[in-house]
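Asks: Chains A and B, in that order, are what the protein sequence lines are.
For the first sequence, the residue numbers in numbering that gives the first Met the number 0 are 0 to 114.
For the second sequence, the residue numbers in numbering that gives the first Met the number 0 are 0 to 327.
These aren't lab readings, by the way, just hints derived from the structure by calculation.
These figures come from a predicted structure and were not determined experimentally.
Some hints could be false.
Here are some chain B residues pointing at chain A (derived, C-beta under 8 Å) [as the list claims (entries may be wrong)]:
{"hint": "1", "residue": "Glu-104"}
{"hint": "2", "residue": "Pro-122"}
{"hint": "3", "residue": "Cys-170"}
{"hint": "4", "residue": "Ser-172"}
A virtual CB, placed ideally from N, CA and C, is assigned to each residue, including glycine.
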Amino acid sequence: MANPPHFIGHRKSWNSWNTSTLKDALRPSQTAIEDVFIRKFVTGTWHALVCSEIIIKRQHNTIRIAALIRQAITPRKMYFLIGYTEELLSYWMQCPVTLELQTVGDRKDVVFKYI
Amino acid sequence: MSAGLTRLWERLPLKKQAAQSSIRVFSNQEQQQQPEVEDDEEFRVLSLRTVKQQFQRRQQVRRDPITPPRTGRMAVDQDWTAVWPGPRSFHPASVPLPLRQGFTERGAAAPSKFANAELMKIPNFLHLTPPAIRQQCEVIKRFCTPWPKGLETEAKWQRHFPVEVTTTDFCHSLPTIRNPEARRVTISLKLSDLKFDSHARDKFLRLVGDRYNKDTDILTFVTDRCPQKKQNYDYALYLLTACYHESFVTEPWEATKSEADMEVYLFERNQSKLSAEGILNWNAKEGAPKVAPSKSYANCVEQLINEGENEYNLGKYKEEVKKMLNIA
Numbered sequence: 000m001a002n003p004p005h006f007i008g009h010r011k012s013w014n015s016w017n018t019s020t021l022k023d024a025l026r027p028s029q030t031a032i033e034d035v036f037i038r039k040f041v042t043g044t045w046h047a048l049v050c051s052e053i054i055i056k057r058q059h060n061t062i063r064i065a066a067l068i069r070q071a072i073t074p075r076k077m078y079f080l081i082g083y084t085e086e087l088l089s090y091w092m093q094c095p096v097t098l099e100l101q102t103v104g105d106r107k108d109v110v111f112k113y114i
Numbered sequence: 000m001s002a003g004l005t006r007l008w009e010r011l012p013l014k015k016q017a018a019q020s021s022i023r024v025f026s027n028q029e030q031q032q033q034p035e036v037e038d039d040e041e042f043r044v045l046s047l048r049t050v051k052q053q054f055q056r057r058q059q060v061r062r063d064p065i066t067p068p069r070t071g072r073m074a075v076d077q078d079w080t081a082v083w084p085g086p087r088s089f090h091p092a093s094v095p096l097p098l099r100q101g102f103t104e105r106g107a108a109a110p111s112k113f114a115n116a117e118l119m120k121i122p123n124f125l126h127l128t129p130p131a132i133r134q135q136c137e138v139i140k141r142f143c144t145p146w147p148k149g150l151e152t153e154a155k156w157q158r159h160f161p162v163e164v165t166t167t168d169f170c171h172s173l174p175t176i177r178n179p180e181a182r183r184v185t186i187s188l189k190l191s192d193l194k195f196d197s198h199a200r201d202k203f204l205r206l207v208g209d210r211y212n213k214d215t216d217i218l219t220f221v222t223d224r225c226p227q228k229k230q231n232y233d234y235a236l237y238l239l240t241a242c243y244h245e246s247f248v249t250e251p252w253e254a255t256k257s258e259a260d261m262e263v264y265l266f267e268r269n270q271s272k273l274s275a276e277g278i279l280n281w282n283a284k285e286g287a288p289k290v291a292p293s294k295s296y297a298n299c300v301e302q303l304i305n306e307g308e309n310e311y312n313l314g315k316y317k318e319e320v321k322k323m324l325n326i327a
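Can you make the complete structure from the sequences, with help from the hints?
Replies: Okay, structure coming up:
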């Protein structure tokens with residue numbers, strides 16, 4: 000939403016939600032690297048379709064990935080890609096992965112402000 | 000060119016089927032291209048030069064109609080727990096609330112719920128509405144047991160369970176459920192719940208050291224040297240038991256405790272007792288019962304020496320001495 004990073008927590012919130020960022024928490028580096036990998040994989044798999052940041056929420060051992068997707072492919076392909084992404088990511092991360100997508104008709108729908 | 004051919008090949012079986020059923024299911028666009036393959040008996044002609052007819056109109060991208068958000072069709076008295084059964088990122092088409100979130104420009108309204116990534120980021124509790132919690136409580140109620148009788152108030156259960164055990168469980172968002180910090184076990188109890196004689200109490204306090212808080216009378220053991228919580232709990236209870244029983248053991252060397260080793264002044268084993276007795280039994284006849292200094296005098300002297308000389312203690316000492324010598 001075109002807010003610089005120091006507004007995180009005021010005007011916008013984090014893209015990764017997990018407990019590794021708390022003080023003295025476990026696996027901070029592994030979680031960060033996994034998040035980078037998930038982001039790269041999702042933007043590549045949903046090529047030119049992701050219109051927003053990829054939001055990764057972790058709860059216990061599940062990972063929920065949310066994003067805004069452009070309605071440029073058929074729903075059938077979209078369902079395939081959802082299953083494909085969930086299956087491969089859950090194999091690599093060794094935990095259940097859920098995709099929670101929203102679709103937008105046009106790329107311009109997610110533009111709120113021109114700087 | 001070759002692509003056009005393949006497309007024609009693919010269309011062939013379809014066309015036969017259409018001929019058999021004698022129903023034309025093709026769209027106008029496809030009918031225009033048909034003259035080449037109209038007759039099934041003929042071989043198709045491979046024309047190497049581009050003929051105008053072979054140009055295919057660019058296929059229109061067929062788009063499925065986007066269904067409107069289902070919030071518009073939701074009944075007012077619907078079962079919300081069925082709509083939103085578990086934790087999930089926000090979805091505008093499922094939540095019939097005019098929510099807004101985010102910041103764009105100063106003075107402008109926050110963006111609406113559609114295509115709003117900010118609303119997807121923040122955790123929501125739409126699955127934990129009061130009816131949902133009530134439902135879940137109803138379901139798990141059959142696993143509950145009644146509260147034991149006789150333990151209704153805190154005073155009652157503290158009498159039966161004097162030892163308080165504190166452990167910590169950690170919930171992470173990680174593939175592992177282990178946390179090394181969870182091994183720590185703290186047990187605490189009031190020292191007044193243990194029964195001691197004066198020697199055992201003194202020895203116990205020396206054994207536990209600073210684990211005993213004199214102000215609150217609470218004894219605390221923290222154990223973390225074993226890797227598991229259970230092991231640490233067992234070790235803490237072992238420490239408590241061992242210290243308690245050890246404090247009742249009198250070693251032979253404890254009898255050699257001299258006056259210099261005493262941590263408090265005791266009237267009974269000091270010179271002042273002998274002096275007071277000497278004064279009280281002055282010129283007493285042989286065989287007459289010995290007069291002992293009064294209890295209040297003994298307390299007063301102990302207080303004076305243990306707490307130090309202050310106005311109150313000195314005044315009290317003066318009163319006691321006058322009383323003992325019958326001067327007043």
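Asks: Hint by hint, which ones does the structure fall short of?
Replies: none
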